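From first to last, the protein sequence lines stand for chains A, B and C.
Under this note's numbering, think of the first position of the first sequence as 1, with each following residue one higher.
Under this note's numbering, think of the first position of the second sequence as 252, with each following residue one higher.
Under this note's numbering, think of the first position of the third sequence as 510, with each following residue one higher.
Treat the hints as calculated values from the structure; they're not laboratory data.
Some hints here could point you the wrong way.
Quick list of in silico lysine-lysine cross-link-like pairs, DSSO-like style, CA-CA up to 30 Å [said to hold, decoys possible]:
hint, chain 1, residue 1, chain 2, residue 2
1, A, Lys143, C, Lys818
2, A, Lys143, C, Lys820
3, A, Lys143, A, Lys122
Every value quoted in this text rests on a predicted model; they were computed, and no experiment measured them.
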Amino acid sequence: MAILEINSVSKRFGGLTALDNVSFQVEEGEIRGLIGPNGAGKSTMFKNIAGFQVPTTGSIHYQGQSIEGKQPHTIAEMGIVRTFQETTLFQELSVFENALVGTHIRARSNVFSAVLGLDRQKQQAANDRVMEVLDFMGLIERKDQLASELPLGSQRALALSIALVSEPKVMLMDEPFAGMNGEETSHMMDLTRKVRESGITIVLVEHDMKAVMGLCNYLTVLNFGQVLAQGTPEEVRNNDKVIEAYLGGAR
Amino acid sequence: MGVVNFAHGELVMAGAFTIWLLHAQFGLGYIPAIAAAIVLVTAIGLLMERLLFRPTRSDPLAGLICSIGVLFILQVIAALIGGDGPSKQVPPPFHGTLVMFDVLRIPYQRVFSLIISAAALGTLWFFLTRSKFGWALRAVAMDREAAELQGINTDRISVIAIGVGTALAGLAGGLIAPLTNINPHMGHNVIVTAFIVTIVGGVGSLSGAVLAAILYAVFHTLVTVYFGGTIATISGLVLMVIVLIVKPTGLMGAKVSE
Amino acid sequence: MSSNSGFTMQRMVVGAIALAALLTVPHFLSFHHQDLLIFLTINVLAVCSYRLVTLTGEWSLIHAVMMGVGAYTVALLVNHFDLAIWFTLPLAGTAAGLVAALLCFPLLRMTQFYFLIGSFAAGEAIRLTWVEFVGVFGGTSGLRGVEAPIVFGIDFLDPIPYFYFSLSIVLLCLFILYRIENSRVGLTLHAIHWKSALAESVGVDAWRYRALAFILGSFFVGIAGGLKIHYLGSVTPNQFTVGFMVFILIWVIVGGYNKFYGPIIGVVVLTIFDESIRSFEVLRPAIYGAMLILSILFLPLGLESVPGKIKSWFGIGSPPPEPPLSDQ
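Modelling step: build the complete structure from the supplied sequences, incorporating the hints.
Here it is in structure tokens:
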């Protein structure tokens with residue numbers, strides 16, 4: 001059974017139709033690419049899956065359960081975590097504190113024990129988990145630096161870390177390669193593969209074709225809010241409609 | 252637009268003060284005085300947009316705080332121009348009373364205000380629903396990013412929206428001047444009523460606001476007659492909170508997305 | 510992030526000196542200024558508890574009224590049950606917290622300016638209730654007869670003992686507020702503020718944390734209201750208008766709301782400033798208004814950021830803005 005099922009989802013804002021009857025399925029363990037020109041509705045799709053927006057019509061199922069209309073934090077607790085476009089981090093916090101926010105689901109803290117200092121054990125468990133992930137992502141040396149001081153590649157790795165700390169099953173990555181140079185891109189590709197090997201299903205919105213073609217085993221192409229084509233990277237690359245709408249342009 | 256102008260009531264007050272100064276003190280005609288009020292208040296509004304709201308757009312709270320600053324300043328300017336002492340009165344430029352069916356008696360002054368308000372609202376409604384600008388404004392209010400991707404100049408939309416909004420505040424000040432006591436603190440009641448009406452009607456919905464304004468006026472009057480003014484305002488506020496519980500976007504408001 | 514490591518030797522020395530100064534200062538002040546000092550102390554608690562509410566990025570306009578809830582609670586408890594201050598103060602906080610908890614359901618459905626307007630309306634409704642129900646709340650003239658408490662045989666009608674008393678209560682509350690802010694709960698509140706969506710995406714129930722901040726902030730300002738009324742002896746609805754709320758906003762913003770001590774600087778500096786422009790009378794609101802606008806436009810981080818700015822202007826010290834939470 002598919003881990004994520006999108007069934008005829010439409011999203012309209014007033015007169016604008018951002019998503020128009022979109023359906024696709026994501027199998028467990030894959031890296032799925034969601035591509036398309038600017039304004040095709042990729043980010044809107046993410047927002048709808050992660051609960052930040054509610055589809056106007058249609059349904060979204062995760063592990064067979066309907067999740068559309070649920071709150072983002074509920075969806076996150078169920079195991080779907082998203083990362084954000086550009087570099088969305090808590091810029092004002094240290095690398096360690098950033099990742100610590102991700103431990104929220106697994107090790108909650110309350111006010112009384114916090115004021116009285118009764119939650120040492122939970123704190124320790126949370127800190128251990130954070131160190132484990134920072135180590136995995138190669139950020140351990142930078143743990144006390146401010147997020148805003150990190151180079152771009154490390155910032156994106158940190159964004160992944162925050163998500164990873166919460167132990168998700170599905171990760172929605174929104175343009176993690178945007179603005180990266182060749183070296184950073186290949187490092188990020190390695191990290192993404194490592195995440196996938198740890199058993200996490202990935203859905204990737206990306207413009208960087210090298211990364212998309214290199215990472216994804218299956219692609220869904222959106223255009224004007226509709227599914228234009230689906231297939232392996234090879235099939236999509238040779239699809240006439242896709243070439244006309246998207247690849248045929250500047251690339 | 253995501254801008255809350257706390258000084259809106261004070262802009263209405265500034266409009267009313269302009270009428271008092273130009274019409275009642277210096278003898279300018281009522282209609283030219285209204286025109287002057289609209290020009291003056293719009294100018295203040297546009298200055299606020301350019302100097303305060305635009306630099307602070309990334310932080311709506313900062314814009315709001317600035318508007319509180321403007322509120323204080325406008326009150327003091329009004330107090331300095333008008334001097335201390337009792338509230339100012341503007342003699343109604345229209346005399347006589349319209350009598351319909353022997354029971355309905357409306358002073359011509361109110362008839363005039365009613366007609367002008369209705370005309371202004373009609374124009375605004377047409378502007379918001381039938382023009383390209385109205386479409387763009389709603390797009391910007393719903394999802395600024397998406398609107399920018401569609402090629403909408405959000406700066407321009409913002410200037411026009413504030414300009415129109417403040418021009419109407421000036422007009423409202425002009426219309427209300429002969430009907431009420433004018434003092435530097437009259438803006439407070441205006442803003443409380445405006446908030447209730449906007450929230451109940453739905454933020455960003457003109458038809459909702461008009462409907463809510465009419466309903467609220469009837470409601471407030473009835474409750475005042477039977478239970479007193481304070482109870483009327485309390486129940487208005489409670490009503491507003493109830494609307495927020497049942498439908499946070501107001502009676503006619505659209506869902507606003509993040 | 511153990512919160513104890515922040516108390517270094519240097520800090521303790523500075524703290525001890527400040528405390529000693531605070532304890533001696535009232536003896537050199539006139540009666541009028543002693544009054545002012547007590548209100549200032551109480552207002553410090555008001556702004557710091559307000560900052561807790563704003564940690565999540567939501568600004569309410571009901572905080573002044575919550576202070577009033579605490580004040581009216583004290584007045585009613587003293588008038589009807591003749592309770593001692595040890596009971597009235599916690600109950601004042603609890604009452605304000607309870608009212609806040611009830612208001613969470615309608616108010617926290619909204620965010621940003623909807624919340625702001627909603628909280629304004631709810632606050633005004635509560636305040637008008639005090640005006641309207643004369644039998645219970647005494648109408649516009651309020652409730653009187655809250656006699657100054659006598660604790661351990663000390664009569665608190667005298668400003669100096671009452672100053673010591675309120676100072677210790679306020680310091681205790683500030684300590685708790687500080688601990689909350691520097692705990693994981695505080696981290697989550699900060700996270701909701703800066704990137705609410707990012708926090709929610711890793712499972713933070715932003716609503717619950719907003720509610721928590723709102724209830725706790727109201728609890729502490731309720732205590733502040735109680736302290737105020739025990740000193741004044743009477744309470745009226747006009748003490749807690751939106752006008753006073755605007756002052757709380759101004760103190761917090763001009764002082765700088767990114768650091769724990771920013772609002773304290775704001776309320777102290779502006780109270781002194783306000784004393785010094787007493788003679789301008791009519792112009793005072795306009796001076797305040799202009800200062801508010803200028804500080805938003807040119808000093809968005811508040812007075813708290815000024816030393817850092819001066820340092821970096823001369824090329825010494827670390828460049829501002831320093832991040833909040835960095836001092837652990």
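Does C:Lys818 lie within 30 Å of A:Lys143 when you go C-alpha to C-alpha? Holds: A:Lys143 and C:Lys818 sit about 27 Å apart, inside 30 Å.
Hint check: A:Lys143 vs C:Lys820, CA-CA at most 30 Å. Holds or violated? holds, 27 Å
Take the C-alpha atoms of A:Lys143 and A:Lys122, compute the straight-line distance between them, and say whether it is at most 30 Å. Measuring from Cα to Cα gives roughly 20 Å; hence the hint holds.
In terms of the numbered hints stated before, the structure departs from none.
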